[in-house]
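In order, the protein sequences belong to chains A and B. So for the first sequence, my numbering puts the first residue at 1; every next one is plus one. So for the second sequence, my numbering puts the first residue at 1; every next one is plus one.
Treat each hint with caution, since some may be false.
[Claimed, not checked] Keeping only pairs whose Cα atoms sit at most 20 Å apart, straight-line, the calculated DMTMM-like set for lysine to aspartate or glutamate is:
1. 96/B / 272/A
2. 307/B / 319/B
3. 132/B / 90/B
4. 96/B / 128/A
5. 76/A / 162/B
6. 293/A / 283/A
7. 246/B / 257/B
8. 80/A / 177/B
9. 102/A / 172/B
10. 374/B / 148/A
11. 302/B / 21/B
12. 80/A / 319/B
13. 89/A / 263/B
14. 290/A / 313/A
15. 211/B / 221/B
16. 96/B / 21/B
17. 280/A / 320/A
18. 374/B / 143/A
19. 96/B / 64/A
20. 358/B / 143/A
21. 290/A / 244/A
22. 121/B / 322/A
23. 96/B / 273/A
24. 328/B / 221/B
25. 67/B / 324/B
26. 80/A / 21/B
27. 80/A / 156/B
28. 102/A / 327/B
29. 166/A / 148/A
30. 121/B / 64/A
31. 96/B / 121/A
32. 246/B / 263/B
33. 358/B / 148/A
Read the hints as simulated data drawn from the structure, not as lab findings.
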Amino acid sequence: MALQEVTNAFLKRFRGCNGPLYQASKLQCRQYATAGDGQETQELEKSGSTTTTSGGQGMRELEESSFLSSTGGSGKDVQKFDPARTARKRNRRLPPSRYQYKSPRYYRGPLHPHQPPKPSDPSSREFEPGPFSLPRLEQTYHDTFASDFMTMTYTHFPPGFAPHQKGDRLRPWLGESPYYKNRPLRGPRGGDTLKLLRKPITFRNVPQLERVTVHTMVKGAIDDSAHLHVAGMAMQAITGVRAEAHKTRTSVAGFGIREGQYLSVTCDLYGEDMYHFLSKVVDVVMPKIKDWKGVRGSSGDSSGHLHFGLTAEDVALFPEIEVNYDMYPPRMIPGCHVMIHTTAKDDRDARLLLTQVGIPFYGKQIN
Amino acid sequence: MNAAPQSARRIASANNAFFVDTVCFSCRNRLSQQSRRHAATAAAVSDPPPATSPQASSRAAAPIIAKGPRKAYRLMAAPVLSRPPLLTRDLNSFEKAFYLYQKRLNERLAMPFSRYFYYNKGTPADPEWKRKLQARKTPSRDIGIYDAYGNEGWNDEVLVGDRTGERESVVEALIRDAEGKSIVEESEKDQGAVTAGDAQLGEGQRRETTKIEVERPSSRETEADRSGDVKSLNRKLDRTLYLLVKNHEGRWRFPEDRVYGRENLHQAAERILIQSCGINMNTWLVGNHPIGHHAHHYPSQKPIVSKISANALVGTSKESEKEEFGEKLFFMKARIMAGQPDLGSNAYGLQEWAWLAKEEVDGRVGRSYWASVKNMLVER
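So that you can see chain B by itself, here it is in the shape it has in the complex (with noise of 0.2 Å):
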């Protein structure tokens, strides 16, 4: 049957006085052409159903209209700009031990390494290779000396406070071999790159060969990590972090405005954006559905008039006064991909921006306002 429930009904009559107040405005077309549509075949069917009925209003859940005189609330959106992790987190000791001891458990069953399918008899790859077998006993680069097969196999457990398994020594090894040199420092014979015997000296004579410089990786810890630098986006590349700016009244909210004329809400989140942190942003706004809200009643239900002007980027804004009992603010989830927010000529008057992970944010935020913020913010 395609009647529509009787709840829908109900809010979609024109005998409802909450209509506009309570329903958004895509919700409200939907249901009047609903309506609309159900009216013409209730005209043109003689006998309504009555079995779908009593089961629709049974399914259906009451509807949430407001009982009292209509309260205007003002319409607020706030753009929740973030940038992802750009690193992975850091390993707890126990996943460490756990990935390194598995690795080890791993050379002992799989299938030994097929040499001569990588190095050619005769290349000079071949004797680099047995060199660099013969220093750590596993064709693996990443789980210290140890051999497999050897008598002492059965020791494949590493030692208390061992590094074997730490990210630096881990990335070290790999440096070391694609540098030439065995993957742990072992005696002098073994130091610089890789040694060859000089024809006019004679052998045994070392003579220094090219060095092979592989580019180590930059660290996790940046510049700005260490000076502490809260506009720089290289802060905390493992967490997500987000723009706060701090308003003319010195309080520090993401940035947030009135939401004018027709406008949706993803599309005011997108002009705040502009007008209060500047075009040089390279921003993207994920859906069209908010995040998250925060309801500010003003105190003691006293309703304060708000002469409302209108927005220059907003085509269907109007000039008009309204008296509003609050404020309803909705968060809108962005994401930036480059650039930074520019203060120079926002319409808002706000002092000051920062980038700042989670726990950041709840040091400088009101109570209030954290306690609607913090659950859509990520942990990490």
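So here's chain A without its partners, still in its complex pose (with noise of 0.2 Å):
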């Protein structure tokens, strides 16, 4: 018969046996997470392996890895390794299938024989470089301030008391009435928005900061549309990041606009550009701005994602502008907003995680 796939159910029934076609499948299975199979993993518990790291005795159970040791191979096959001289020696050319190759641009199928590589390699056309760094604020939330917020934000209840059970927050009507049949369920108490459920907060589910929005409307644009590629350039400037031009939706008298015109432009942060965006901001542009009282207490959706804005002036005083300051055309440069989404479910708990990458607040705080 046909194998295809070897599992811990037909294991089960060869077990049974214990003959040599069992012995042989079970030595052809990967049975634990580390590569080998079962005899290679107990040899290396026997002969006691440790690998140095700071996290000291938990990490004896891996094998040893020259990843994690901070010197490089040796010896004299790594010395007479060297492509480029031997590209460089070559006379003949080398057909170009050796040294060229362009993935599918069609996917075809899962029979087809030329199947598209993964995005994460190199050769896809999805690729995108990916992580250059390990940014300074990623390490201090996962060090410092997720603990931090864990210990501020625990709730504490008696033992054996059970928070009050609360009901269903869209309520059917209920009474006599015939009408009351299939009519749509009443809003919740106290008002008709249905706000995010905050649970208690764990080790699991410590608000982050997921994505940073940097977005610029420019009404010179209306009449001159050098303003709005200058305001992308300064835009992607401060980000890194590319820049998205965007149509207005409707037209609007009182502001002068026309539906599809391109005015406003915006740059999405995610990960390690939006880690490195906000350490910036809050280091170098917020203590150089004159007069500044900080982030509005008010500001926010009451779903955890805060908003606050920076004038031209503020814009001019990102280090990426000011280098080059004079090549942008004189008062067109733009002022943006910053819109920081986190993983919090209200306002309170987005701000305290501000608070703690260094944001300061002023004024009423209001969820």
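Mind docking these for me? Both chains are given alone in their own frames, and the hints should help you get the complex.
Below is the structure:
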């Protein structure tokens, strides 16, 4: 019979035999997370291999890996290997198939001989060069901020006390009237907006920074599109991310805009870009802003996303714009909105997280 | 329904003799308020709702009530004062190789550098940029000498043992670039500062121009690291350091003391920090809740009668005597921003103090204490 996959169920059936076939199949199956079969790991445990890491005792279970030690390999093979030298010495020209590879443009199904590589593969068309550094803000969050946040937001209940069980927030219409049947449910108590439910903060759901959106709307672009180009360049310079232009959705006579005009530019920052941008804003730009009170305490959309604005003078304080400030046409560097999206469910938690990051707030804090 | 669950009602009722023992002060207040409120509504309402009580009893867990004679424990607080890491951690070899490779791939894929947006034609910065670019073939300063668009652009992986991706070489390259040199020492013609032909001596004769000295960053390993000074806060800047003190018995523990009168745990922790380590420390207590606890029961269940004297710093403390079966110690998290402990006039007879990382704390404290403490200390 053709064996497609050796599963645990198959092995269970085999286990009764314990004959040569079972032993052979066990040798080929990986039973542990570490590479190799069970015998290898047993040998390793006996030899008592220890790796030198800051973790200490817990790391002894892992195999020794050259990734964890700082020194690279050494030896004659390593010294001999130099692909550039080999290429220079070569007199003849290689056929293109030896050095050229273009991944298939279209996906033609799982049975096609040419399968597209994974997006993480550098030869893929969808490849985006990955993280270039481990941002300081991300490290500080995981080492310091997250545990402090848990400690600060812990709510204690005495042993044996369960918090009051609340009913469904969207309540049905109850009564004798026949019109109540199939009527849409009533809104929640205390208002018409269904706010996000805030669950107790544990180590699994500490609020994190998710995304930062930098947005500018330039009125000058109504008459002259050069304003939008300059705004896009400025946004790309400060964020390091390609800016996206947006058309107006509707015509508003009061603002003097028509539908379909390209008037605004946004940059969405995730991951490493986001952490670098935020640390730049907090450490370099904010301290230099003159007479700045801070971010308003009422900023926020009640769902854990806060926002603040930077004027044109503040945007000119970014090091990427300061370095070639004269190359921008006068008075065309725009101000911008910065929207910080977090995984917090309400504004209070988001504000606490951003206070840890270093953003000051002023005025009454409203959820 | 606003009816309190059965368990809370049971705890809050006057019949429960262990109410004071098992429930903390603020919760006792909240529960007794609720019970008073619900007693009033129950009196007003004629028939209690039958539907909710079986649901409430099934939902709420049975309360933990002590079954035995009332046992008093000595309630103590201990501030765990820590200095968070001031530096990022060192990257391991995989991370360094990965980041360098990704940066080189980015060179091949990103749009070319728009030179005249940053360096105006005719300014002295322009030929300087051109010279630097010729030397390193790429606008980037931290990926070594690599031409992404040339004939050897395919050779983007560095060989084993190459130091291009190491932190030291990147910092060195950035500093050299800021000083006006090429990022790698090439040959004699590039040594020293920017060269210029001298009008008097003639072209080709080098004249010493002003050297730009860029301040080098301080070493990650400080003097305190090399000498192993455990009293210094500048040691192990990439790790969290915890304050341990040696008490009058010679045991290394976090500074601890009894909770007096009606003070809270966090108030006790702040007072203990001042009474043990002096006022020359800028500290901040993180939250009002403990991060761990350590219970020590006196051997063979024999209580010790302890005389509690009034504490000068706690207004509500009184002199009393209490029979205690053990100690319950709660750890409160605190952070230090500036200052150092001063055991000169401490009230507990503390002999010594030290700032220690997690594995060093392991080496100094007792085994049962370590078992209670280890999970609340941070690895980094």
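Status of each hint after checking the structure:
no.	hint	in the structure
1	96/B / 272/A	holds, 16 Å
2	307/B / 319/B	holds, 8 Å
3	132/B / 90/B	violated, 29 Å
4	96/B / 128/A	holds, 18 Å
5	76/A / 162/B	holds, 15 Å
6	293/A / 283/A	holds, 16 Å
7	246/B / 257/B	holds, 13 Å
8	80/A / 177/B	violated, 32 Å
9	102/A / 172/B	violated, 38 Å
10	374/B / 148/A	holds, 17 Å
11	302/B / 21/B	holds, 19 Å
12	80/A / 319/B	violated, 82 Å
13	89/A / 263/B	violated, 82 Å
14	290/A / 313/A	holds, 9 Å
15	211/B / 221/B	violated, 28 Å
16	96/B / 21/B	violated, 56 Å
17	280/A / 320/A	holds, 10 Å
18	374/B / 143/A	holds, 16 Å
19	96/B / 64/A	holds, 19 Å
20	358/B / 143/A	holds, 14 Å
21	290/A / 244/A	violated, 30 Å
22	121/B / 322/A	holds, 19 Å
23	96/B / 273/A	holds, 18 Å
24	328/B / 221/B	violated, 39 Å
25	67/B / 324/B	holds, 18 Å
26	80/A / 21/B	violated, 76 Å
27	80/A / 156/B	holds, 18 Å
28	102/A / 327/B	violated, 71 Å
29	166/A / 148/A	violated, 29 Å
30	121/B / 64/A	violated, 55 Å
31	96/B / 121/A	holds, 19 Å
32	246/B / 263/B	violated, 25 Å
33	358/B / 148/A	holds, 17 Å
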